[in-house]
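Listed below, chain by chain, are the residues.
4 protein chains.
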Amino acid sequence: MFDKFREECGVFGVLGRADAANLVYLGLYALQHRGQESAGIASVTAEGRIVSEREMGYVADVFTAERLARLPGDTAIGHVRYSTAGGSMLCNAQPIVAFTSKGAIAVAHNGNLTNGEALRKQLEAEGAIFNSTADSELFVHLIARSKEPDLESAFIDALSHVQGAYAVALLAPDRIYAARDPYGFRPLVLGKLDDVYAVSSETCAFDLIGAETVREIGAGEIVVIERSGIRVVREARGEREARCIFEHVYFARPDSVVFGNSVAETRQRFGKQLAREHPVDADVVVPVPDSGVFAALGYALESGIPFQYGLVRNHYVGRTFIEPRQTIRSFGVKVKLNPVRELVRGKRVVLIDDSIVRGTTSKKIVNMLKQAGAAEVHMRISSPPTSWPCYYGIDTPERRDLIASSKSQDEIRAFIEADSLGYLSENGLLEAVRNEDDPRQLYCTACFSGDYLLKKSEPAAAAV
Amino acid sequence: MFDKFREECGVFGVLGRADAANLVYLGLYALQHRGQESAGIASVTAEGRIVSEREMGYVADVFTAERLARLPGDTAIGHVRYSTAGGSMLCNAQPIVAFTSKGAIAVAHNGNLTNGEALRKQLEAEGAIFNSTADSELFVHLIARSKEPDLESAFIDALSHVQGAYAVALLAPDRIYAARDPYGFRPLVLGKLDDVYAVSSETCAFDLIGAETVREIGAGEIVVIERSGIRVVREARGEREARCIFEHVYFARPDSVVFGNSVAETRQRFGKQLAREHPVDADVVVPVPDSGVFAALGYALESGIPFQYGLVRNHYVGRTFIEPRQTIRSFGVKVKLNPVRELVRGKRVVLIDDSIVRGTTSKKIVNMLKQAGAAEVHMRISSPPTSWPCYYGIDTPERRDLIASSKSQDEIRAFIEADSLGYLSENGLLEAVRNEDDPRQLYCTACFSGDYLLKKSEPAAAAV
Amino acid sequence: MFDKFREECGVFGVLGRADAANLVYLGLYALQHRGQESAGIASVTAEGRIVSEREMGYVADVFTAERLARLPGDTAIGHVRYSTAGGSMLCNAQPIVAFTSKGAIAVAHNGNLTNGEALRKQLEAEGAIFNSTADSELFVHLIARSKEPDLESAFIDALSHVQGAYAVALLAPDRIYAARDPYGFRPLVLGKLDDVYAVSSETCAFDLIGAETVREIGAGEIVVIERSGIRVVREARGEREARCIFEHVYFARPDSVVFGNSVAETRQRFGKQLAREHPVDADVVVPVPDSGVFAALGYALESGIPFQYGLVRNHYVGRTFIEPRQTIRSFGVKVKLNPVRELVRGKRVVLIDDSIVRGTTSKKIVNMLKQAGAAEVHMRISSPPTSWPCYYGIDTPERRDLIASSKSQDEIRAFIEADSLGYLSENGLLEAVRNEDDPRQLYCTACFSGDYLLKKSEPAAAAV
Amino acid sequence: MFDKFREECGVFGVLGRADAANLVYLGLYALQHRGQESAGIASVTAEGRIVSEREMGYVADVFTAERLARLPGDTAIGHVRYSTAGGSMLCNAQPIVAFTSKGAIAVAHNGNLTNGEALRKQLEAEGAIFNSTADSELFVHLIARSKEPDLESAFIDALSHVQGAYAVALLAPDRIYAARDPYGFRPLVLGKLDDVYAVSSETCAFDLIGAETVREIGAGEIVVIERSGIRVVREARGEREARCIFEHVYFARPDSVVFGNSVAETRQRFGKQLAREHPVDADVVVPVPDSGVFAALGYALESGIPFQYGLVRNHYVGRTFIEPRQTIRSFGVKVKLNPVRELVRGKRVVLIDDSIVRGTTSKKIVNMLKQAGAAEVHMRISSPPTSWPCYYGIDTPERRDLIASSKSQDEIRAFIEADSLGYLSENGLLEAVRNEDDPRQLYCTACFSGDYLLKKSEPAAAAV
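Residue numbers (my numbering), protein chains in the order written: chain A, 1 to 464; chain B, 1 to 464; chain C, 1 to 464; chain D, 1 to 464.
These are computed hints drawn from the structure, not numbers from a lab. These numbers were taken from a predicted model, which means no experiment stands behind them. One thing to keep in mind: the hints can contain errors.
As the list claims (entries may be wrong) - Simulated restraints on C-beta separations:
| hint | chain 1 | residue 1 | chain 2 | residue 2 | range |
| --- | --- | --- | --- | --- | --- |
| 1 | C | D174 | A | R67 | 49 to 57 Å |
| 2 | C | Q409 | B | D281 | 42 to 50 Å |
| 3 | A | K407 | D | N427 | 35 to 43 Å |
| 4 | A | R440 | D | R345 | 39 to 47 Å |
| 5 | D | S160 | B | E66 | 32 to 40 Å |
| 6 | D | R70 | C | E148 | 37 to 45 Å |
| 7 | A | R440 | D | A375 | 28 to 36 Å |
Stated by the list, open to error - Just some of the chain A residues that point at chain B, by a computed CB distance under 10 Å:
| hint | residue |
| --- | --- |
| 8 | K4 |
| 9 | L123 |
| 10 | N131 |
| 11 | H141 |
All C-beta atoms in this analysis are idealised placements derived from N, C-alpha and C, irrespective of residue type, glycine included.
Whenever a hint applies, use it, and build me the whole structure from the sequences.
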């Protein structure tokens, strides 16, 4: 409903626990924020068959007790998905299950391939058929067509053909492979529950099932979870990493540790730095809930201006909502947010959000505060202006729809009708995630800068 | 619920009518008896994209107004399905939609391939991936991998590799191909609604939408429906035909014309011949509704014994039924059938059914009539003993579960506790469907005789 | 969908069986033809509380395993309902459960009260509140307000105030009362399953659960089922009975025994008498399925003209049906019926139905047969012209909408475009249900004759 | 899921707006926190009929576009409900619609009557029937039985017989009455949208639909909304008021103004006072989200200890949740809350919540923080110990289940395993809601003190 970038997927897998599908269900439930359109689980039956259930909807709605009962076995992977525009179809739901020359496999994938379209054209030309429009199906085809004699080498071979962003879990009847692309765009972590291993997009899923986080899977690394434990199939590569900075800005849950940093802490550092870069004489710091909460806390701590919950969120917001026939001012935003008049009336408000995408929602929120009596509204954004689309697994509008691509900061301020506007600088942002021990630039900031490490390749450019 | 052979599928397609998906919906609705497990429709949007909707359930339940609204365009094909044991999965629902080197296509298939398993193994070895366990996916792969330059020649090429029974509709953005296997196991007819063409498994679907039946598609023939009309892509072959006699015995709707004969009339001829072969001194002829109705009418007319509706069917039988915890005698059958005591009490009953598969249901019905007071129950079956499984698209039990494979007719009579038992002879059966103008043996009777025209080939035997 | 009179309700109850609600569910399932709009069950928990579940829909859809599990106890009653025009609301679903001065009770009612409106006005004036528009709520109010000291005498008292047609089951925590109005308009029978008693609108429900029919509850009789067995609370009265003849003409299931006669046999006698009254030179007798089947068998037996299934019914007809945007000739009827061309082509057809209400459907069916090639269509109706509405529990159109109220038989024939038309005479009809041992006129024929034994009383006329 | 007192109901109504049911739907949506078990709306059709829709479930799930379309008219009231133990039944959903001597009416009620049981017994003895176990039905009966000649005087009469807590909306075809009990236990406010009036349990519902809050309805006041505007039917009484203090402690939404005070501000004042009463040397103030957020902000502001979001709430928590077979530590709480390890590790935490009911959840949260590394956990509660059940419309456990009824504060501290525990004093609490202009004690604090202004009357004590 809101005007935000969208994470496309979450991945979870576990091997060696009697109620594997149930644990995957819990894991997906904790990763629900990474994809609210469809959910799916594939598990391995006692006979070694792979069965799966996928459906449009929230994890808790899709997975009834009946459906979970159709997913027996001690090994399972799962997936939540928010698809890109136009692609909201059941056939795109994951995990993808396929019968191949390497046996039955299932794949759950988070990311976008830059040579996906090219590979697809080439594989089609060679006789492959595609049942969906998702990049993820490419992994299955490349494995199936690999000349390598076994699944493991075929998977390595397959990964050598794809370019772009991916964190992927590959289920075979007796093991789960987990891999990240060489740039490490998308996160993937290893966990341990008693003596069995699990893999997840974020650590918050481990917290829910009572597992410990073991370590991040490295950029370019392939790990396999087997009954005997884990084994590194391919070492992480030493390449320049390109971790998605937006995981810290907005996507990940604040209680997760992503790319080695606490998300909540990092967001507070963004807020503190923002206060240093864009101070303002004001009475209260108010976050746009929930995306601006931690940055607002940081801003308040650094500036000394009191933090206030001047906007309250409705916790019962669902997917469907029947609009009234007669227009209600700012209705779309009001369904989700309501100002606390008494906390903002007559106050100079510092309003904190993580980003401005199209600007329409920010404008409504600024107006809502002014109608509620705010004397001034100073918008502060805990990231730089987002002016470039992402090709690495984030659903972003076209460049022309990003307000920062065509308007100056002052024009944006005028558009959203704020009294002042300040964005966190790219340097400030990177400073907040800098690792003392590893001075390399480790993050992708293409959505701010337009500097793409990997270009989207033209069909002709692909080579298998 | 009942102990019958099961037709596996029904197919319908139409091109050139504004509300194509709606007509396909009606066609599938009329073909519902051919598959009650899943239903699906694929249509071509104004932009030439193929969209599809498939779901487990009855046609009228699956296709809500909302779902049909997601299937725009004037060209569509559809499918109803009853899957074989173990394969009741959504991924097996049809039509199968795939993006291939020959463009986007959709396939709806009725039948079973005898070299399906072999082809599958071979294609997997070559790198193909399968998303289902259905033979039908093979058509798509063979088309996609064909070296032929266009879809039409690729379809012909694909058909040259498959062996077995099939009636298939292939949807491309601008046309629909309809084809039958060279033996003509499964039916497929062409119809015309005003000036547009349609294809259907049975003629009863044309009746519902107000279309006229044009002609049967010949054994081995390929026809294409285009905007300009129909065109024969490949002529019917002169081979020995092997039409499925069970379409007349049980599967097809009585108001259909199948393989050139009225099903209702043919079943009455079966009944008349049965009366000649197995006369009995009795008071009433009672059908097992609805499978035995027309044969019973024939038996009554020939024998002069009055036809009576001594068993009444519950019309509200649905898919789910909650059984009582305490046993009720003959409960499973009673949910569907109830005797009319006053019509059978003290009577010598000729009970007519189309076939006996396992014998358990027949036994319950005989007992039900005796409990209702019937003095004698003489079972008459309007087909020969079914003692061999079918490999051509019919869901039959394993040979060991067919009562006629291990028991003599007298043993069967004893098992079902009837006073006498008579089966229609194979000659009598074939006589009833004989065509004066075409003296060839045109029917497959393998389920009675075990004479299979096409053997199920071993994986090794396949050659693409 | 079809143009028929509608039965309004079915009632079932059982006491003393561990899975009472499950048996009631089965009973309602067998009575589904008496009401397809809503279904409900009330049961008594081990603690003596009455719980209930009611919902719009078919019995098999409403009562999932979950819902039945919410209806524990060994005593339960149930109800299926087809409400009259305008009243299709959940609040009208039954059984009605109420907490009263006589304890908690539940009521399931089949019928219509002629002084219902008057009683309602009077009770409202005295401070009663009504939650529905159903007559059935009156029973509960009258019991609650009775000055009698206990439930039994209060029930007798309540019945003394109501006039009209009713067969009613009253559930108290430890017993079930079953009562019929003094004219005995609506049927109600007692059954026995092993050693426990049950009550049902029709005997077919006993057949399904394996119970025996004990006897009809007499007109005006009140019976109570208790743990100790049954007890007659009030004897049947000797008044002139007025059994609904339409139960035999159309409503009841053919496998039921209603008012002491087999429905199937009675309908055949109607058909035989019809053949005597309205013979015609013809080739085949074709029933409108399923309403005309037994009368057609009788007509065929008497006339010697062969019975043929010239119209086939679609068994998958459901509640919802998405019509095509473009008109299809006779579509509404085609969804349900299809002619078997080969059986009617060139034939002079005697078409048998049970009644003509508005005439529109009959016209479509006659036309459908002519389009299928019938040379002549002679309509024969197994009851007299229905020209008066019913006030006794049957949903009939307004008098002006009954074709026989304004048109002569020849005008009706012309309207439906039949070659001839013959109705069974009222004498012929009554002859067929005459009981040798009881020469009294026992049936209500008001819908044919307009002779109402009980008038609908005006509000002012009621007296409590 | 959590261990809290429960508000029982929310009420909303509007008259004179074309899409009345839609506005009520929005109002209920904003009041969802006041009742999550069932939702209902009654509206008046153009013909003056009252129609209603009620269902178990959330507002957004119950009210589909289809359902809203069945609620036409420009006048409507609605209700959300959380029923007390055992009463979770559809028949208890509101609004209650009844046909009475005063015409058709609908009632939506928030509260509990102290003489409800007595009145019920008496009315039953007089012949009234009850369809539910809800007090709310009493209003309808008392109106229906009133000797007063019209609805208005009958409503006044009815209110004179009931004792206890109520805020009630009464819908008649041409107006809506809104009334509060003389003690003013439960809130009810008047709003205005353009030129039409609305009534709501809380002001947050007015914010959503863009209405202004006009004023609170006074204790004992009756207001009627008519087409001509509002009219005071009965003035507010001067009695000692007994507003529910728990609306401020926990129930109401923070963005509402309740009893004249901003809820958010009031909770902050509770937190500040708590900091003054129970200071502690600590590193961070962490709220239990969302109930402790505003008090925590107040505590942090007053104490100077930084506020931190050390516990994160999962926003996708739904009604159903499939638990894993194998035990996961603190699972029940983890589904909803997760600590942010990095924010609490090694820290001395002041944990703020609004109340402790049974203590089990508090214990789990304290433990969760300790497992996450908190050095110390000091629990601070922004209300006094709750040791008495409520009879005025709040769902509270039995006294024996309230931990504060049997344990000293130190025993409670030991039970929840906190390092220290402090409750806000009753004086501190009341100070925070004190109105300078009105020095009377205006609040009910019976759940803390056991001083009940109105006792629950015994059946014998009632007099109508």
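Do the hints match the structure? See the list:
Between D174(C) and R67(A) the CB atoms are about 42 Å apart, so this pair departs from the stated range of 49 to 57 Å. For Q409(C) and D281(B), the Cβ-Cβ distance of about 44 Å falls inside the hinted range of 42 to 50 Å, so the restraint holds. In this structure, K407(A) and N427(D) break the distance hint of 35 to 43 Å, their C-beta atoms being roughly 56 Å apart. One distance hint, 39 to 47 Å for the beta-carbon pair R440(A) and R345(D), is violated here, with the actual separation near 27 Å.
For the pair S160(D) and E66(B), the beta carbons lie near 52 Å from each other, so the given range of 32 to 40 Å is not met. The hinted range of 37 to 45 Å is satisfied by R70(D) and E148(C), whose Cβ atoms lie roughly 41 Å apart. Between R440(A) and A375(D) the Cβ separation comes to about 35 Å, which falls inside the hinted range of 28 to 36 Å. Of the supplied interface hints, the one on K4(A) is violated, with its beta-carbon coming no nearer than about 27 Å to a beta-carbon of chain B, more than 10 Å.
Interface restraint check: L123(A) against chain B, minimum CB-CB distance 9 Å, threshold 10 Å, status holds. Below 10 Å, beta-carbon pairs count as interface contacts, and N131(A) has one with chain B at about 6 Å; its hint therefore holds. Annotation: H141(A) was flagged as interfacial toward chain B, and the flag holds, the nearest CB pair being 6 Å apart, inside 10 Å.
Hints 1, 3, 4, 5, 8, counting from the list given before, are not met by this structure.
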